[in-house]
Amino acid sequence: MTDFPQLIKVLVSSGVEFIIVGGAAAIVHGAARLTEDLDVVYRRNDQNTARLIVALESHSPYLRGAPPGLPFRWEPSTIRNGLNFTLITDIGAIDLLGEITGGGGYEDLLPDSISLKVFGFDCWCLDLEKLIFVKRAAGRPKDLEAVAELESILDER
Amino acid sequence: MREPLNGTLKPRYQDPIVELYKKDVDRTLIRHNLTLTVDQRFEQLMRLQELAIELRRAGKEARLGR
Numbered sequence: 001m002t003d004f005p006q007l008i009k010v011l012v013s014s015g016v017e018f019i020i021v022g023g024a025a026a027i028v029h030g031a032a033r034l035t036e037d038l039d040v041v042y043r044r045n046d047q048n049t050a051r052l053i054v055a056l057e058s059h060s061p062y063l064r065g066a067p068p069g070l071p072f073r074w075e076p077s078t079i080r081n082g083l084n085f086t087l088i089t090d091i092g093a094i095d096l097l098g099e100i101t102g103g104g105g106y107e108d109l110l111p112d113s114i115s116l117k118v119f120g121f122d123c124w125c126l127d128l129e130k131l132i133f134v135k136r137a138a139g140r141p142k143d144l145e146a147v148a149e150l151e152s153i154l155d156e157r
Numbered sequence: 001m002r003e004p005l006n007g008t009l010k011p012r013y014q015d016p017i018v019e020l021y022k023k024d025v026d027r028t029l030i031r032h033n034l035t036l037t038v039d040q041r042f043e044q045l046m047r048l049q050e051l052a053i054e055l056r057r058a059g060k061e062a063r064l065g066r
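Taken in sequence, the protein lines are chains A and B.
For the first sequence, counting from 1, position 125 maps to 125 in my numbering; every step adds exactly one.
For the second sequence, counting from 1, position 56 maps to 56 in my numbering; every step adds exactly one.
Rather than coming from a laboratory, the hints here were simulated on the basis of the structure.
These figures come from a predicted structure and were not determined experimentally.
The beta carbon of each residue, even a glycine, is placed where N, CA and C say it ideally should be.
Take the hints with a grain of salt, since some may be wrong.
To be verified - Covered by chain B, per the in silico footprint, the following chain A stretches (three or more residues, Cβ under 8 Å):
# : segment
1 : 57-71
2 : 143-152
Stated by the list, open to error - Derived contacts from chain A toward chain B, CB cut-off under 7 Å, selection only:
#  : residue
3  : 1
4  : 27
5  : 28
6  : 30
7  : 32
8  : 34
9  : 46
10 : 74
Input sequences plus hints: build the corresponding full structure.
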């Protein structure tokens, strides 16, 4: 099970700059759909990369779904050489996204994000309108189903 | 759906597939969730995760005939 409060705590406590997106952002806005991981877009720079390493290094990050024993190293060069990482840790599943379809990276998304306090921690979350936009852009059947719920939330607010 | 106010709001694009999915959206759940705080929404999600894990375990056991 993903411990959302703990994952948010380790990111915020380490000063990681991130925006909650995906299913967890949908939960923030009132969605009822089950999501099993925390999706975040992280700022791509050396300082934030270093903070990400510190935040998760004691939680055994590993590629989710990959066979055990791969030479995966949680270090700055791994993040610099990649972009999006779907990870499992000992406190749950987290997707670290450098960019998302239809939305771009951290700097692109920040103007369309809201500041909120989750479990006592200040963080950013994609606003409902932008979340709908990027879900539409992703365009998978499950995204369109999510759009139906998110637009219903927009109507109910 | 919200209507444009004096032409200041653009009508939302209506994707026929999304509109079809909307028929199955349970708005009573949404209305309930909108009464909760963000923390309560995450707590509810984690309880749902626990339930899903338990149901998967039970289903697997049943398939194995235990």
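Structure-inconsistent hints, enumerated in ascending order: Structure breaks hints 1, 9, 10.
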